[in-house]
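In order, the protein sequence lines correspond to chains A, E and C. Mapping the first sequence onto full-length UniProt numbering, position 238 (from 1) lands on 238, and the numbers just tick up by one. Mapping the second sequence onto full-length UniProt numbering, position 234 (from 1) lands on 234, and the numbers just tick up by one. Mapping the third sequence onto full-length UniProt numbering, position 231 (from 1) lands on 231, and the numbers just tick up by one.
Everything labelled a hint here was simulated from the structure, so no lab data went into it. Keep in mind that the hints are not guaranteed to be accurate.
For identical chains, the list gives no copy identity; a pair is met inside one copy or between any two copies.
As the list claims (entries may be wrong) - Distance condition first, Cα-Cα at most 25 Å in a straight line; then the derived PhoX-like pairs of lysine-lysine:
hint: 1; residue 1: K206; residue 2: K290
hint: 2; residue 1: K326; residue 2: K195
hint: 3; residue 1: K193; residue 2: K120
hint: 4; residue 1: K239; residue 2: K173
hint: 5; residue 1: K135; residue 2: K45
hint: 6; residue 1: K45; residue 2: K77
hint: 7; residue 1: K104; residue 2: K226
hint: 8; residue 1: K332; residue 2: K239
hint: 9; residue 1: K226; residue 2: K45
hint: 10; residue 1: K332; residue 2: K286
hint: 11; residue 1: K239; residue 2: K195
hint: 12; residue 1: K120; residue 2: K227
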Amino acid sequence: MKPEKTGENSRRSFLKNASMAGASVLTLSGLDRAGAMPSEYIIPKADPKRYGSAGLPITATFLDEISHDIPHQNWGKEEWERDFQHMRSIGIDTVILIRSGYRKFLTYPSDYLVSRGCYKPHTDLLELFLSLAEKYHMNFYFGLYDSGAYWDTGDLTHEIESNRYVIDEVWRKYGERFSSFKGWYLSGEISRKTKGAITSFYELGKQCKAVSSGLPTFISPWIDGKKAVAAASGNLSKKESVSVEEHEREWDEIFDGIHKVVDAVAFQDGHIDYDQLDDFFTVNKKLADKYGMKCWTNAETFDRDMPIKFLPIKFEKLRLKLEAAKRAGYDKAITFEFSHFMSPQSAYLQAGHLYNRYREYFGI
Amino acid sequence: MKPEKTGENSRRSFLKNASMAGASVLTLSGLDRAGAMPSEYIIPKADPKRYGSAGLPITATFLDEISHDIPHQNWGKEEWERDFQHMRSIGIDTVILIRSGYRKFLTYPSDYLVSRGCYKPHTDLLELFLSLAEKYHMNFYFGLYDSGAYWDTGDLTHEIESNRYVIDEVWRKYGERFSSFKGWYLSGEISRKTKGAITSFYELGKQCKAVSSGLPTFISPWIDGKKAVAAASGNLSKKESVSVEEHEREWDEIFDGIHKVVDAVAFQDGHIDYDQLDDFFTVNKKLADKYGMKCWTNAETFDRDMPIKFLPIKFEKLRLKLEAAKRAGYDKAITFEFSHFMSPQSAYLQAGHLYNRYREYFGI
Amino acid sequence: MKPEKTGENSRRSFLKNASMAGASVLTLSGLDRAGAMPSEYIIPKADPKRYGSAGLPITATFLDEISHDIPHQNWGKEEWERDFQHMRSIGIDTVILIRSGYRKFLTYPSDYLVSRGCYKPHTDLLELFLSLAEKYHMNFYFGLYDSGAYWDTGDLTHEIESNRYVIDEVWRKYGERFSSFKGWYLSGEISRKTKGAITSFYELGKQCKAVSSGLPTFISPWIDGKKAVAAASGNLSKKESVSVEEHEREWDEIFDGIHKVVDAVAFQDGHIDYDQLDDFFTVNKKLADKYGMKCWTNAETFDRDMPIKFLPIKFEKLRLKLEAAKRAGYDKAITFEFSHFMSPQSAYLQAGHLYNRYREYFGI
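So here's chain A without its partners, still in its complex pose (with noise of 0.2 Å):
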């Protein structure tokens, strides 16, 4: 049944001659890593010398404790401290602790959070990662306290009173002490229908500045596109989505509230999907120009289309991201986040592998 394949018989050859040619040169645990092995990178590779020339680079990641719905990796600090030597040999300069505490856990011994009924941590994780950052050259960004209450219901402001206190004692004891603590992150992951977002993150942003001289501050909202669907659900996306024209009129009135005291938005990038990156980008760069403010992306790196929620991204997901985020002008690629999804040590073994692909196109 199989026909003969008279054809392409000389190309053939040649390569199976390369192939013994090359095998004692290129071998790798017994592999042949060129001989007849296709090699060509066949889109633009992001150029290292003009950095990011096809795709905008990762320079920061969350650091996601306390997590909210990523399983634990229960790491010590040896594994902290070799997860931020990974972090920066791709480049990364910037660390954003994802919040400092969830309802009641804590990242840090906060007295006033303790007080409050929640549970005192026994290490301070907060005081690891700024270590960390200072001794890595690290800019550290402070997410500010979650106390479940916007997620139960709704409402952002409820969030503003115990950040009074959070944010107050966090300044005096560590702000002050390290060099690595460099802004703020208003933690709350809001989208367009969120009651209290403009009130919520103007006050939060307000007092970050005051008690910091004015340290920049940053939020990372999603937009509420077809795959912003309850981790916890059986869903991976929904009929109702936003349209652009509406995502435009609704944050340029977010914006207007708060651009004075938010310094940079950073959109998470994974509830819409690959072919409406250009347009939603478009709209969310001419904001934040139109106000004055950064506009980074949060290239998400885990995969928001698998069943199992979550694990690493394809590669290729990533970089069709990273480009729509060079093509629009983006000023920064944040990531959520480089230690269970991108880290050569996650649990994932797959994020070892996604690593990998991203330093093969970065050309690091």
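Following the hints, put chains E and C in place on chain A, whose structure we already have.
Frame of chain A; chains E and C shown alone:
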């Protein structure tokens, strides 16, 4: 109630010395393990001298064969033996077969169950576990057969009939042969409203004791708390959950009916919130004392709060649960389970880190 | 509480002594591999001499690019080459690209599909796989493009149009160049009630054969059994499922319509219960024989019974399925799929253990 453990002193000294001797080996690719890094443990550690002064140490684990809802690791004899060694090294002295069979899958080649349509297994895990328990001086508890009928109908009495034969067969073939066969686990996973629970546990417990000259028996029910949802469901919690008062009233009745043939109760600790632990644990201990039963905790080492069902728990959550068990005066902590969620060789790499955090806390 | 066990003392002493005596001889990294440990395989192993006397060996695997619902491993060329070596070492002689593209993602830079809005990939996986198949003397089957329209509409005829171009393009660019290009996989994953199945398979099969001088084609449908539920749903099974009689009647009609251009059928084996395997497999073989088609089994190596969708299957379940395929006189076993669920380098470490258990059973 906690017995002196003078026996193990020399072993522990040996381990400490070995650990010090090995210290230079542990330095890790250029990491500064001290330097500017914060190093204090900011809550009381469990004191190894008083073993469990702050948290109750885990001294027993289930062996999750046959697995109900945790994907199988496909271990062979070597991996199992190595795991028993890992268990031993953190003080686990007891292993409990979660169930000897589940529907048509079996851990051992039961003539009776194979004749009733179950699949003949290719290895005899029961014999392997009993042998390993004997070799490593551990106590083995045999978990009864689970036909699945209870899960389908909600009526536990379905499990009495087949287990009459299983209990006899197992004691005859294994119980009299292995000195490590030290007790029975009545494997019905019930909660308060389980039909036929009292009858079933009473009948099964009575028979177990009758054939084995009174070897101890125990049960491990779940508290009908807010996290008591089906593993395969998309939800993490439910609205309606039991109050402490209802829990006490209902379990008083159950214990009254079974205490003559059930020696210990090990409530699963994962279905209630962390700040409910003390209330429920206090009641559990009170009831156990009232009926002369031992009060154990089944300290779950997987995380019920995450969309992936299930991966290893965050150490801090485990710590909170073990500390609550200690405060309540519990007699023993068992876990579900070591091999997936706490073992250095688990397919879930987070488990190995949990193992390390656990050892740090208990000074092992 | 523990009674004396005077009964079997002499035997137990013997075992202990045997164990000690054997300890120094049999140490494997400190493990006693024999001693008192049970070692018999208590069912017939597949005899390597007669290759598959008890179970049908797996000699083919899908390559899950582009992945539909299994998270991506982000492998590069090295990992793929190593995986082909692993496949080879257990007797796999055939690899099948699951699909050449899925919606907008592609395995190769198809001019046609890119012109229709698909994303140009950065590497040519098709070329890589064909090269590796050639190098390791394996047969490669090409899986047709899947536009996603069938999944959205339930009508498979949507897939005819674009594949007309894909089949021509692929044969011209790759088929004539690689001697490893040995067949076609008609990638529509249908079951009995799929609209347009006969027309589509007939048209596509006919064209594949026409361009390639009759290279073989196959399909891999699913049986509409109790586990036929959506991967992203929270459920593991459904109430309504097909009877053996309906299955036979409906597939008789489908085979009648397609057998002239479809050479083999490889039903997925995971949607029915283990004790239904013989009934369905018998019918499948009878129908395939009736129409002169080869009857393969698609032995799924992931577990459909667990809340995490999906991780590697328990070896015993795989064994039961391969034994049923052997009993039914099936011609070949293929698997979905080696690289995630059975490979020693899979990100799921359970896969490597499955690989070892598989090798033990087949004496490889």
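Hints versus structure:
1. Only within a single protomer do K206 and K290 lie at most 25 Å apart by alpha-carbon distance; the minimum there is 20 Å, versus 58 Å between protomers.
2. Proximity of K326 and K195 under a CA criterion of 25 Å is satisfied in neither setting, with 32 Å inside one chain copy and 43 Å between copies.
3. Taking identical chains as interchangeable, the C-alpha atoms of K193 and K120 are never at most 25 Å apart, the minima being 34 Å within one chain and 36 Å between chains.
4. Taking identical chains as interchangeable, the C-alpha atoms of K239 and K173 are never at most 25 Å apart, the minima being 47 Å within one chain and 39 Å between chains.
5. Taking the shortest Cα distances, K135 and K45 never come within 25 Å of each other, neither inside one copy (32 Å) nor across copies (28 Å).
6. Taking CA atoms no more than 25 Å apart as the test, K45 paired with K77 passes between copies only; the shortest distance there is 17 Å, against 35 Å inside one copy.
7. When the C-alpha separation of K104 and K226 is checked against a cutoff of 25 Å, the pair qualifies only between copies, where the shortest distance is 17 Å, while the shortest distance within a copy is 32 Å.
8. Taking identical chains as interchangeable, the C-alpha atoms of K332 and K239 are never at most 25 Å apart, the minima being 31 Å within one chain and 42 Å between chains.
9. For the identical chains of this complex, K226 and K45 are neighbours neither inside a copy (30 Å) nor across copies (47 Å), given an alpha-carbon limit of 25 Å.
10. Taking the shortest alpha-carbon separations for K332 and K286, only the intra-copy value of 15 Å comes in at or below 25 Å, while the best inter-copy value is 59 Å.
11. For the identical chains of this complex, K239 and K195 are neighbours both inside a copy (22 Å) and across copies (24 Å), given an alpha-carbon limit of 25 Å.
12. With identical chains, the CA atoms of K120 and K227 are at most 25 Å apart between copies only, with a shortest distance of 23 Å across copies and 36 Å within one.
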